[in-house]
Structures are given as structure tokens and as C-alpha cells.
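Protein chains in written order, with this note's numbering: chain Y, 456 to 884; chain Z, 380 to 812.
Derived by calculation from the structure, the hints in this document are not laboratory data.
Note that the coordinates shown come from a computational prediction; the quantities given were computed from them, not determined experimentally.
Mixed in with the good hints, there may be bad ones.
Take a look, some chain Z residues computed to stay more than 10 Å from chain Y by CB distance [stated by the list, open to error]:
no.	residue
1	S388
2	T565
3	E621
4	E681
No farther apart than 27 Å at their CA atoms in a straight line, the calculated lysine-lysine pairs in the DSS-like style are these [unchecked claim]:
no.	chain 1	residue 1	chain 2	residue 2
5	Y	K600	Z	K804
6	Z	K437	Z	K399
7	Z	K535	Z	K516
8	Y	K460	Z	K494
9	Y	K663	Z	K392
10	Z	K399	Z	K678
11	Z	K794	Z	K678
12	Z	K535	Y	K602
13	Y	K520	Z	K412
14	Z	K412	Y	K602
15	Z	K392	Y	K476
16	Z	K494	Y	K476
17	Z	K392	Y	K478
18	Z	K678	Y	K600
19	Y	K478	Z	K387
20	Y	K663	Z	K387
21	Z	K432	Y	K878
22	Z	K399	Z	K412
23	Z	K804	Y	K602
24	Y	K478	Y	K520
Here are the simulated distance ranges between beta carbons [what the hints assert, rightly or not]:
no.	chain 1	residue 1	chain 2	residue 2	range
25	Y	E641	Z	T808	33 to 41 Å
26	Y	F574	Z	D593	48 to 56 Å
27	Z	K727	Y	E589	53 to 61 Å
28	Y	F574	Z	R807	27 to 35 Å
29	Y	I702	Z	D790	53 to 61 Å
30	Z	D650	Y	G838	57 to 65 Å
31	Z	N475	Y	A645	47 to 55 Å
Glycine included, every Cβ here is placed at the ideal spot set by N, Cα and C.
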Amino acid sequence: MSLIKKRIADGINLNYIETDKFKTGSLSINFIAPLDSSSAAKNALIPNILMRGSKKYPNMAEINKKLDYLYASSLSARNMKRGEMQIFGLGAGMIDSAYAMNGEDIIAEVTDFVGEILFNPITNGNAFDTAYTESEKSNLIDAIKAKINNKTYYARQRCIQEMCKNERFGLDETGTVDDVTACTAENLFAHYKTALETYPVEIFFVGKCDIDALGEKLAEMFAKTNRKPIAIPKTEVIRSCDKPKTITEDMPVNQGKLTIGFRSGITLGDDDYPALMMFNEVFGGGVTSKLFMNVREKMSLCYYCASAPDATKGLLTVASGIEVDKRDIAEKAIFDQLEAVRAGDLTDEEITSARMGLVNNYRELTDSARGLETWYLGRALAGLSDTPDDVIEALSKVTRDDIVAAAKKASLDTVYFLNGTLKGATKNA
Amino acid sequence: MLNVTTKKSEFLKEEYYTYKHNSGLDVYVFQKKLSTSYALFATRYGSIDSKFKLEGDKDFTVVPDGIAHYLEHKLFENPNGEDTFTRYARYGANANAYTGNTMTAYLFSCTSNFKESLEILLDFVSTPYFTPETVEKEQGIIAQEIRMYDDHPSRKLYQMMLEALYEKHNVRINVAGTVESISHITADILYECYRVFYNLSNMMLIVCGDVSIDEVNEVCDKVLKEQAPANIIRDYPEEKAEVYQSRIECEMQVSKPLFAIGIKDVDIPDDPMERMKKSAAMDILNDVLFGKSGEFYNKLYEEGIISGSLDVGYGICKSYANNSIFGEGTDPDEVFERFKACVNDAKKTGLDREDFERSKRALYAAMIRWFDSTEDIANNFLQFKLDDGDLLDYADAIASVTYEDATVLLDATYKDEYYTLAIVKPLRTEGEQ
Numbered sequence: 456m457s458l459i460k461k462r463i464a465d466g467i468n469l470n471y472i473e474t475d476k477f478k479t480g481s482l483s484i485n486f487i488a489p490l491d492s493s494s495a496a497k498n499a500l501i502p503n504i505l506m507r508g509s510k511k512y513p514n515m516a517e518i519n520k521k522l523d524y525l526y527a528s529s530l531s532a533r534n535m536k537r538g539e540m541q542i543f544g545l546g547a548g549m550i551d552s553a554y555a556m557n558g559e560d561i562i563a564e565v566t567d568f569v570g571e572i573l574f575n576p577i578t579n580g581n582a583f584d585t586a587y588t589e590s591e592k593s594n595l596i597d598a599i600k601a602k603i604n605n606k607t608y609y610a611r612q613r614c615i616q617e618m619c620k621n622e623r624f625g626l627d628e629t630g631t632v633d634d635v636t637a638c639t640a641e642n643l644f645a646h647y648k649t650a651l652e653t654y655p656v657e658i659f660f661v662g663k664c665d666i667d668a669l670g671e672k673l674a675e676m677f678a679k680t681n682r683k684p685i686a687i688p689k690t691e692v693i694r695s696c697d698k699p700k701t702i703t704e705d706m707p708v709n710q711g712k713l714t715i716g717f718r719s720g721i722t723l724g725d726d727d728y729p730a731l732m733m734f735n736e737v738f739g740g741g742v743t744s745k746l747f748m749n750v751r752e753k754m755s756l757c758y759y760c761a762s763a764p765d766a767t768k769g770l771l772t773v774a775s776g777i778e779v780d781k782r783d784i785a786e787k788a789i790f791d792q793l794e795a796v797r798a799g800d801l802t803d804e805e806i807t808s809a810r811m812g813l814v815n816n817y818r819e820l821t822d823s824a825r826g827l828e829t830w831y832l833g834r835a836l837a838g839l840s841d842t843p844d845d846v847i848e849a850l851s852k853v854t855r856d857d858i859v860a861a862a863k864k865a866s867l868d869t870v871y872f873l874n875g876t877l878k879g880a881t882k883n884a
Numbered sequence: 380m381l382n383v384t385t386k387k388s389e390f391l392k393e394e395y396y397t398y399k400h401n402s403g404l405d406v407y408v409f410q411k412k413l414s415t416s417y418a419l420f421a422t423r424y425g426s427i428d429s430k431f432k433l434e435g436d437k438d439f440t441v442v443p444d445g446i447a448h449y450l451e452h453k454l455f456e457n458p459n460g461e462d463t464f465t466r467y468a469r470y471g472a473n474a475n476a477y478t479g480n481t482m483t484a485y486l487f488s489c490t491s492n493f494k495e496s497l498e499i500l501l502d503f504v505s506t507p508y509f510t511p512e513t514v515e516k517e518q519g520i521i522a523q524e525i526r527m528y529d530d531h532p533s534r535k536l537y538q539m540m541l542e543a544l545y546e547k548h549n550v551r552i553n554v555a556g557t558v559e560s561i562s563h564i565t566a567d568i569l570y571e572c573y574r575v576f577y578n579l580s581n582m583m584l585i586v587c588g589d590v591s592i593d594e595v596n597e598v599c600d601k602v603l604k605e606q607a608p609a610n611i612i613r614d615y616p617e618e619k620a621e622v623y624q625s626r627i628e629c630e631m632q633v634s635k636p637l638f639a640i641g642i643k644d645v646d647i648p649d650d651p652m653e654r655m656k657k658s659a660a661m662d663i664l665n666d667v668l669f670g671k672s673g674e675f676y677n678k679l680y681e682e683g684i685i686s687g688s689l690d691v692g693y694g695i696c697k698s699y700a701n702n703s704i705f706g707e708g709t710d711p712d713e714v715f716e717r718f719k720a721c722v723n724d725a726k727k728t729g730l731d732r733e734d735f736e737r738s739k740r741a742l743y744a745a746m747i748r749w750f751d752s753t754e755d756i757a758n759n760f761l762q763f764k765l766d767d768g769d770l771l772d773y774a775d776a777i778a779s780v781t782y783e784d785a786t787v788l789l790d791a792t793y794k795d796e797y798y799t800l801a802i803v804k805p806l807r808t809e810g811e812q
């Protein structure tokens, strides 16, 4: 496996992750925007509107028929938040041309198709198609409202919204219902033009292809745009919190959801990032962590209790689903385990197991196109170029003291509890 | 010398080796040059197996709902008090397990120390150990797992659909059971279930990765003892062809109604290859009728009746089969009416031949994507093998489906008396009717 980076236009990179591990290839075009309330909803909507139809493939049925014809290739809109950046665009998956029945160059055909969808939307003067726009606005509003359906995810999202109320990170990558409502076919089309001209773009291809040919094709597609890329502001990182808060919200569900948000004080490029990963792993990263072994296995309080870092923003969250009347016990149990790590109460075996588990995860990610792309996109956004092997190497040097130091840096910001109010939920167990 | 058989697919450019280990266990090795090796140790025992005996036993044993899943949790304990996850962690492996309607599978993935991890897998699954105390302790954990799923709208919807489709068949039982049913589980019943279903003749080992058959065999030799095969007699209730209830609904904290259209199918071929062929034909037919390129889906989407995608699927095994269409939208009844209209139109005018060919070709090509991860290969392989089919034959099954096959299925499968509509509605706020 190797990574080749090519600049194909001003502020546009093609990242080629060359590997013959897979029978498939994947291509993605990622626009990098500042996460901002004035543009989040627009950026989220644009790929969805593009996916409704182009001049050559004017509706979804035609788009999907073309994908069927291209040996069941896939095309999807993407939109995500990485730190205080919003990444949106299109992703395509295809089988290797070696499997084509009539010798077609599947990669080239899929790339042309992605170009058609991206650059030739159906327009009405200086606007997107009104019906498509209104329909996708309505779908996005539905999706925003539907976040309440998954209670685990919802509780974590609410915790982060409360923690980062006064930071851009508190914004969702979809914008709000009001932001979406304010979008029009005209202002979206204007923003689409702006996005093509000004947002940095990271393109990825994972698999095996003729990189020069792909680079030329993509350069040609972007040649029509008048590129003047903007600089993307850095993610604001608040490294500690002196006034922790507690928020409780009622909802008619069975199970209570406890989410605890910390400022980890450590981000991706920091020297102690490997120590943060080790701290998270021993604390609540997996099935041999202190949270799993104690809060679940010893105390039988829950089915899941796990911690996860967001190293782009410097956060660490702990999440668990419990009986509502066990809230205080569970909260105390979680903090007890954190204190144990801070006190250095870690066996050699806990440390070795954590390291081996992480090493295994980093090695496994190189076996999936998505894993590889997520890794290198994350690195590109953070201005880093280290490989999974580099992090594996760095992990081998993390000591017990480093783990303790990382644990001590974590400072409590917000305890969020989704209080289940359904009858029966408060029974004495 | 091991008596190894090789199975190949020219189209997929894939192959695997299989043999029966001396212990009686069927072993499958899928060589793949990836960093991650993946192993599955599985038994043909799931939530539907609630009444059973071994050949020679006098009476049937009837067990509480959710016990197969409970047993899966409890096997992770070891006689020396050590947790299985801790054992794996010493070698860096990622371990897990899952229970379904017809199977329980224990698995790990790793990028080094494969043999050590495989030894742990075979050892802990073949060494049951529970006491009344450790069984009791698990109740709190599984109760929270059940309550988590109770709050999960799409899980709940799937469960409701099965409960409406089937009157007696055990597939209507929740895999994890209920908080009440698991309170009746004891160490003794767990041991009895283990004795019957964890006989090696009822199990299989699937390994996928950069691993040789000799390495696998060496570990099997070390851990597994020869075992007399067991003949398990499972007693499943008779199930009628028509649905139990044609409609079922509940209210939950959701933003918009979620719906499932379930289509019951009791016409299950005895021959495994015929079942695979039926499955392939149904996948093609469903793609023609309800797929992303078709009119049914696109009209619903364009008119805003559904938001997002429809999840359409057919599942078939020896014991039960059904089609399902899952989605989200303001008016599930309208979707249901259009579904019926779509089927009736197709019956009247016949399936479009070009659509049939396009769907068939797309499904055939899509199979190539199943072979890029050791995890996907092992799990897909298991699903086919559990039902005596073969993953590598599925491409051939797709290729063998004719237009006439799809037409026959359309007429036989899609009938009013086989349909149910399940809906999860948003909670009514106070004051509303």
C-alpha cells in the first residue's frame, strides 16, 4: 500500500491510496468548509440535490439505472463534521475493471458519471430545480427531526450541543430546521458556485487505477471553475473546564441514557495523542477496559458503558444506558474508574492489552477502503501525514506515567442525563 | 493426511477448503491475503429452538424465551474465573458473539497471534462453566440490553412485523427474550441447552484470512476431543400460510411514522440449492418491483410520501421465509395501497423484460463486492452454510434465474392474505385524539 498525493488544481488534491487488496475501488470528492451556521445547511443540501438529477440523467430512476449498468456501482451523498470543519461531497464505489464482462474501463466511466452529477445539475436560470430543492429540504428537515429516534446517539449529540453551546462545534453538520427552511433554489445555487470555486477539495481514490489518467480527467472537470480557495479556520480547542454543569431532560422511554462529556486537553497533532488513545483504551475503549469490566461486568448496571475520544476537538465522552433509578450509582462508578486510572491503578496486563488492542485496530483499518480513506482524510485535514504504522510505533513508547498524565488532563464539562419516564422504568431492580 | 475438498468459483475468482475434523467438526478455510484474519465458531442453535430433545431422550425439554442468547453471554466465563475478553486481549484480538433466530456465533478478528486466539475461541466455547451466582449476575446486564432494544424504534418495528406475520412459529419470539422470561433461566437449564446444541456435529468453524489449513487443524487437534454426533430433534409449531394479523401498530418517541410491510412465505423448498435459487429469484423480482431504479420507489420519493430509502429484503431458511419493505413516511397506509397496486399492475401487464435483465446483471455484479473483507466473507459464508447452501454457488443461482421463474414467484408470493403492515407512530401529545 502507498499514498500518492497529486495537486490537480488550486486547493484541490488527489490522494491515491494504491492497493491491490480489493476487488473494488472507491472514489470520493470531499469539499472542506468551515463549520458555520450560515453555510452548514446549504452544504448539507447540495449533494442531496445533485443526486436528484443532472442534465444527462434527469431523475433518480435514470441515475440508478446508469449505476446498475455500471456493474452495480454505488453513488452517495456525504456530509460530516470533523472538528469545526464540514466535509461534504460525493462518494462512489465500483468493481475493478478486471471483472467487466465486455472489457469496459469501469473506473473511467464511473468518474465521468460522478463528474456529470457534480458539474451538470438541472438548473432553472441561476437556480437549482425548485421541486428537487423543496423535496430535499423537506427530507433534510425530516432527518434532523429523526435524530431523536436513536436515543443513544441523541443523548450524545445533546451532551455535545450543551458542552459546545458557545463554540462552532456545537452546530450540527446539517444546520438547524430554521437554517434549512431559509434555503432557496437561488441561494443554494449561488452557494454551490461558491463552494466549487472557494472550498479546498480532497479527492480520494482507494484501489488500483491509472492515476495519471484519473488525475487528468479530474483536472479537466475542475478546469471550468475559477478557483480561488479560502483558508479554513482552525478548530478552536478549549483544553479544560472550571465550571462543570449537569443537565437532565425527560423523555418517555424505558432506559435512562447517561452521557458524560470531558475536555480531554489533547488533540490529534499533540505529542501526547498516543497517550490519550492509551488512556481511553484502558478507561473505556473496549471490552477489557475499566468501565466495561466494572460498571457492566462487576456491577451489572448496564449493557454498554464506553468512552470515546474526539481528537479533532479535544473531547472525550462516556456513554451508558441504565435504569433511571441507578443514575447516581452509575455516575459514581464511572468517576471511580477515572480516578483509578488517574491514581495509576493499572496492571501491566491492562496496559499491554490496551496497546495490543489499539495496534490491532490500526492494522485492521488498512484492510478496508473506508478505513484507509477515513485515516488519510483525517490526517489531511489536520495537516498531518503520519501512517497507522507511525502511530503503532508511537504507542509502543507510551508509559504508565504518560497514561496517568493524559487521564489527569481530562476535565469534566457536562453530565447529560436523558431521563426515561415510561411507566415501569423506575421499578426497583 | 487430511481429506480436504476444494471449492472454487471461476466467476468470483475465489475458493475455499473444507474437511471434517476428527472431533466431528466441519471446518472451512477461506484463504485471503489481507492483514486481518477472522474466525467464526457457530452452532445451529438460536431463539427459535425452544422445544427439543436428543434422539433417545424420553421427553422434550421446553425452555424460557431468550435462553440461546443468555447462554452466549454466559459462555464467556471460564472455570478459573477469568473473563474470555481478557484472555483474547493478551493477544490483541477483537472478540465478539451474536445470537440470531437459528444460530449463535462466536468470533474474533486479529492481525497477529492467530493460532493463540483460535485456541481461545475453541476452548472457551467448548468449556461451559456457570454457577447460580454468575447466572444471576447476568440478568441485570441482559435486562438493560432488552430495554435498550425496547426503546429502539426500528428493532421494535421488526419485532412487531414478525409477531403479526406468525401466529405460532418461534421466529416471533424476541431473540433476547423479555425481562420476565430471562428471570426463569438457571444454570441447570443452560447446561441442558449446551449439552444438546453445542455438540460439534451441530457446529462449524469458518476461518478467513492469510491462514493455512494445517495451522487451523493443529489448533483443532489440540483443543477438540472426538465427540459422538448428536441427533437433535426440534419441535416447531405448525404455522398456517396466511398472516396472523394484517396490521399492527404502536406509539413511540419517533419524529415520523416508521413502517414495515411484511410478506409471509411458507412455500419453502426442501432442497438447499432450490432454496438458494428461490432466494436469488426473489432478490431479482424485488429489485424489479421495489428497487431504486423502479417507478414504485421513485414516485414515493418524488411525491414526498417516504423520506429516504426503502429497505427491501427476502430471507429464507429451512424453517421460515418472508419478504419485507422497511421505510419512513407520513402515510404508511398510502405506501401499503401503492405496494398492492404495484404488485397487481405487474401481475396484469407482466414484468418488464429489460428491467429483469438489468436487475439480474446488477445483482450478479454486486456479489463481487462481498469479497473484500474477511469479516464479510466469513459471515456471509456462515449464513449460507447454516442453511446447507454455499456462498460460492450464489452467483450461479442468480445466473440461473429465468424471467419465467420471476413471473411464477410474483403470482405465488404476492397475495393479500400474506401481507401485514406494521407501524411505529409518534406518541400522541396530550389533548390530541
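Outcome of the hint check:
{"no.": "1", "hint": "S388", "verdict": "12 Å, holds"}
{"no.": "2", "hint": "T565", "verdict": "17 Å, holds"}
{"no.": "3", "hint": "E621", "verdict": "32 Å, holds"}
{"no.": "4", "hint": "E681", "verdict": "7 Å, violated"}
{"no.": "5", "hint": "Y:K600 / Z:K804", "verdict": "14 Å, holds"}
{"no.": "6", "hint": "Z:K437 / Z:K399", "verdict": "30 Å, violated"}
{"no.": "7", "hint": "Z:K535 / Z:K516", "verdict": "26 Å, holds"}
{"no.": "8", "hint": "Y:K460 / Z:K494", "verdict": "38 Å, violated"}
{"no.": "9", "hint": "Y:K663 / Z:K392", "verdict": "17 Å, holds"}
{"no.": "10", "hint": "Z:K399 / Z:K678", "verdict": "52 Å, violated"}
{"no.": "11", "hint": "Z:K794 / Z:K678", "verdict": "22 Å, holds"}
{"no.": "12", "hint": "Z:K535 / Y:K602", "verdict": "17 Å, holds"}
{"no.": "13", "hint": "Y:K520 / Z:K412", "verdict": "34 Å, violated"}
{"no.": "14", "hint": "Z:K412 / Y:K602", "verdict": "40 Å, violated"}
{"no.": "15", "hint": "Z:K392 / Y:K476", "verdict": "14 Å, holds"}
{"no.": "16", "hint": "Z:K494 / Y:K476", "verdict": "23 Å, holds"}
{"no.": "17", "hint": "Z:K392 / Y:K478", "verdict": "10 Å, holds"}
{"no.": "18", "hint": "Z:K678 / Y:K600", "verdict": "23 Å, holds"}
{"no.": "19", "hint": "Y:K478 / Z:K387", "verdict": "17 Å, holds"}
{"no.": "20", "hint": "Y:K663 / Z:K387", "verdict": "25 Å, holds"}
{"no.": "21", "hint": "Z:K432 / Y:K878", "verdict": "40 Å, violated"}
{"no.": "22", "hint": "Z:K399 / Z:K412", "verdict": "24 Å, holds"}
{"no.": "23", "hint": "Z:K804 / Y:K602", "verdict": "15 Å, holds"}
{"no.": "24", "hint": "Y:K478 / Y:K520", "verdict": "22 Å, holds"}
{"no.": "25", "hint": "Y:E641 / Z:T808: 33 to 41 Å", "verdict": "36 Å, holds"}
{"no.": "26", "hint": "Y:F574 / Z:D593: 48 to 56 Å", "verdict": "55 Å, holds"}
{"no.": "27", "hint": "Z:K727 / Y:E589: 53 to 61 Å", "verdict": "34 Å, violated"}
{"no.": "28", "hint": "Y:F574 / Z:R807: 27 to 35 Å", "verdict": "47 Å, violated"}
{"no.": "29", "hint": "Y:I702 / Z:D790: 53 to 61 Å", "verdict": "57 Å, holds"}
{"no.": "30", "hint": "Z:D650 / Y:G838: 57 to 65 Å", "verdict": "60 Å, holds"}
{"no.": "31", "hint": "Z:N475 / Y:A645: 47 to 55 Å", "verdict": "49 Å, holds"}
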